[in-house]
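Hey, can you work out the whole structure from these sequences and the hints?
Chains as they are written, first to last, in my numbering: chain A, 4 to 315; chain B, 8 to 371.
Hints are computed from structural coordinates only; laboratory data are not their basis. Since the structure is predicted, the reported quantities are computational estimates derived from the model, not experimental observations. Do not rely on the hints blindly, as some may be mistaken.
[Unchecked claim] Here are the simulated DSSO-like cross-link-like pairs (lysine-lysine), alpha carbons at most 27 Å apart as the crow flies:
id : chain 1 : residue 1 : chain 2 : residue 2
1  : B       : Lys286    : A       : Lys136
2  : B       : Lys221    : A       : Lys70
3  : B       : Lys23     : A       : Lys114
4  : A       : Lys131    : B       : Lys19
5  : A       : Lys135    : B       : Lys23
6  : A       : Lys154    : A       : Lys131
[What the hints assert, rightly or not] Quick look at which bits of chain A chain B covers, simulated, 3 or more residues with Cβ under 8 Å:
id : region
7  : 75 to 81
8  : 89 to 97
9  : 103 to 112
Positions of the beta carbon are idealized from the N, C-alpha and C atoms, including for glycine.
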Amino acid sequence: MIASMTNIVKRYGAHTALDHMNLSIAKGETLGLLGPNGAGKSTAIRVLTGLTGTDAGEAQLFGKKMKGNQPELKRRIGVVPQDLALYETLSAGDNLAYFGRLYGVKGAALKSRVAEVLDVLGLSDVAKKAPKKFSGGMKRRLNIGCAVMHKPELLILDEPTVGIDPQSRNHILDFIEQMAREGTTVIYTSHYMEEVARLCSRILIMDAGRVIAEGSVEEITRSVLFEETMTLEVKDPSPTLLDGIKNIQGVISCEADRGRLTIVSTAGAANMHRILELAMPYVVLGVTAHRPTLEDAFLALTGKKLRDGGEA
Amino acid sequence: MRFLSTFMMGFKYLWKDPVMVLVVIAFPIAIIFILGTALSNIFSTEVIFEPAPVAVVAEADSPLAMFLEYDAIQQFFIPEFTDFAQAEEKVAAGTVSAAFVDQGIGQPVLVLMPSHADHMAQIALTVIDSYQQIGAAATIAIMSGRDIFTLTGLEEVEITSQPLGIRTPGAMDYYAVTMIVMILLFTGLNGMELFHKGLFSETGSRMRLSPISKPALIGGLLAASTVTSFLQGMTTFIFTAVVYGVYWGERIPLVILTLFVMVLFSQALCILLIIIFEKKNVVGGITQTLFFVTTFVSGGYVPFNFGDLERIFRFAPNALAQTVVFGAIYGGDERWMAISLATLFGAAAVMMGLSFILGRRRFA
Ligand SMILES: Nc1ncnc2c1ncn2[C@@H]1O[C@H](COP(=O)(O)OP(=O)(O)OP(=O)(O)O)[C@@H](O)[C@H]1O
Ligand SMILES: [Mg+2]
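Structure, rendered in structure tokens:
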């Protein structure tokens with residue numbers, strides 16, 4: 004077990020930031036922590052890394068409690084904090100070199116590692132520039148670079164893509180995928196479900212300090228969402244077509260609005276081909292199938308939208 | 008290794024921050040430049056040392072008369088011995104800058120000044136002040152217009168030592184000391200910046216997650232801010248000496264040691280404050296106010312009279328440092344200089360210790 008949290012309770016005054024949270028991650032896994040603002044993602048990471056204490060429960064990294072200065076343990080993890088943690092007046096290269104040195108990387112190995120990290124993060128051109136002159140995305144990339152100088156076994160990233168351009172975002176996601184392929188265990192927090200869906204083999208959905216769902220994207224959506232919707236646009240549909248569709252296994256309802264049919268099936272019914280078979284004789288103008296997303300799952304679970312943490 | 012990396016990082020970080028360099032070097036140098044030029048113009052040596060006529064009402068063999076006969080004093084004054092009524096007349100008419108009235112052994116010396124005193128009258132006061140300080144009995148009464156204030160505090164009159172040093176400090180010499188001490192106080196902001204970055208904010212969390220020991224981290228940051236601040240102080244030191252020919256005396260090592268202790272003091276103070284308050288703007292506000300106040304009460308070129316409070320004010324950090332530096336340059340009470348330096352160093356050590364304890368508790 005690389006990391007675990009058992010029945011963690013963390014309170015800030017009267018506010019419970021983590022409410023009996025459990026988490027475990029095995030070697031090589033990529034775990035996503037998904038939740039809206041204030042769900043407790045950052046708090047979970049602070050507890051796990053020993054930056055903050057708990058009111059109950061126990062957190063472990065590599066089978067040990069993270070407390071006090073444990074250099075051997077600290078060397079095995081890399082943490083990318085949610086906010087920028089850089090020395091703004093130092094150049095990008097100097098920032099990387101300093102954090103590399105703190106983790107015991109030195110000499111020629113340090114030099115080549117700095118060049119390597121600058122390269123994979125697309126910062127080679129600005130190696131000598133200070134991050135205060137960087138765009139938001141470049142700062143974020145450097146922020147990640149500082150945490151991976153020592154090639155950690157466990158990489159923890161707290162919303163590394165907040166508020167940046169799509170290009171930087173892609174760069175970052177590619178980089179994390181690469182790290183994961185090379186065997187790094189990853190904990191990734193975000194409130195962007197598509198990022199988590201892309202990167203993570205397993206996902207914890209959090210809300211108000213509690214883990215409300217856990218599993219792969221399919222597992223979560225299937226366990227939460229009982230219906231799937233498909234729309235079919237057909238020129239001059241006949242009532243027989245409607246009746247036919249209604250009789251297909253799994254179909255709950257089928258309603259027509261002129262040529263536009265809205266078909267609701269039970270989740271995982273896998274009946275789309277049957278529906279299309281029936282529609283063959285007609286002129287089909289369009290088909291849309293709405294695959295259930297984590298967003299839908301979150302909405303179904305909490306009645307809230309995931310993005311921006313606002314109430315739906 | 009990690010100590011050294013942290014030291015190098017902190018050093019670079021501070022020197023590459025244009026705001027810090029501006030505040031600590033460019034700004035003071037600019038002020039010295041502007042005010043320094045102004046001061047050297049107003050108090051050009053000719054004006055200062057052109058002896059001014061003063062009326063003296065005293066017996067020719069009285070201590071006051073003897074005092075005024077010293078060469079050093081005669082750079083300032085041409086004494087005209089006369090009687091009280093005439094002295095008063097001359098002051099009123101403006102034919103003398105001031106009048107000194109000896110009222111007998113153990114009695115106050117009366118200083119008569121016109122209501123619109125010129126700078127020579129100001130010097131007259133300073134001279135009588137030094138007359139007191141070397142052990143001469145005096146009470147200064149200042150006649151300001153028709154009002155006469157009499158201050159008490161009498162002692163036996165006996166002049167034993169040379170009243171003034173060989174070299175008389177000019178306005179710029181005073182000003183440079185006051186200024187450099189104030190600048191060094193402000194370099195505490197270097198320490199604040201580095202410790203805020205290294206202990207608080209997200210960077211602080213990152214530092215705490217990295218495998219650096221606490222002594223290496225704290226030691227590295229402290230060394231970086233101290234060395235940076237000291238070098239910044241030395242820049243001003245050399246600048247004043249080269250550009251304004253400020254006289255830093257014969258005991259340069261003692262002056263530099265004092266400036267170094269002042270750096271330690273300001274680092275300790277600002278680090279302690281940032282550990283207590285955590286927020287840079289709060290600490291910045293407190294220190295800036297505090298530093299201007301302590302600079303003011305410690306007195307610069309323009310002498311203020313704070314009465315009984317002066318006894319407290321001379322323990323202001325600036326005052327302690329200035330006591331030692333002025334003493335080192337122009338001669339002063341060695342015991343009091345030693346006490347001042349020790350107090351400054353002791354205060355720094357206590358605050359460092361306190362920072363360490365509070366810091367440990369915070370980051371246990
Ligand atoms: N130091 C603190 N003092 C008081 N309350 C806190 C503190 N840190 C976090 N909280 C509260 O705990 C809850 C969880 O915060 P946390 O930062 O873990 O959320 P998050 O999921 O990371 O959100 P975001 O997406 O905004 O980063 C929030 O309601 C927050 O206000
Ligand atoms: Mg967060």
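Quick rundown of the hints versus the structure:
no.	hint	in the structure
1	Lys286(B) - Lys136(A)	24 Å, holds
2	Lys221(B) - Lys70(A)	14 Å, holds
3	Lys23(B) - Lys114(A)	22 Å, holds
4	Lys131(A) - Lys19(B)	13 Å, holds
5	Lys135(A) - Lys23(B)	11 Å, holds
6	Lys154(A) - Lys131(A)	22 Å, holds
7	75 to 81	holds (count 4)
8	89 to 97	holds (count 5)
9	103 to 112	holds (count 5)
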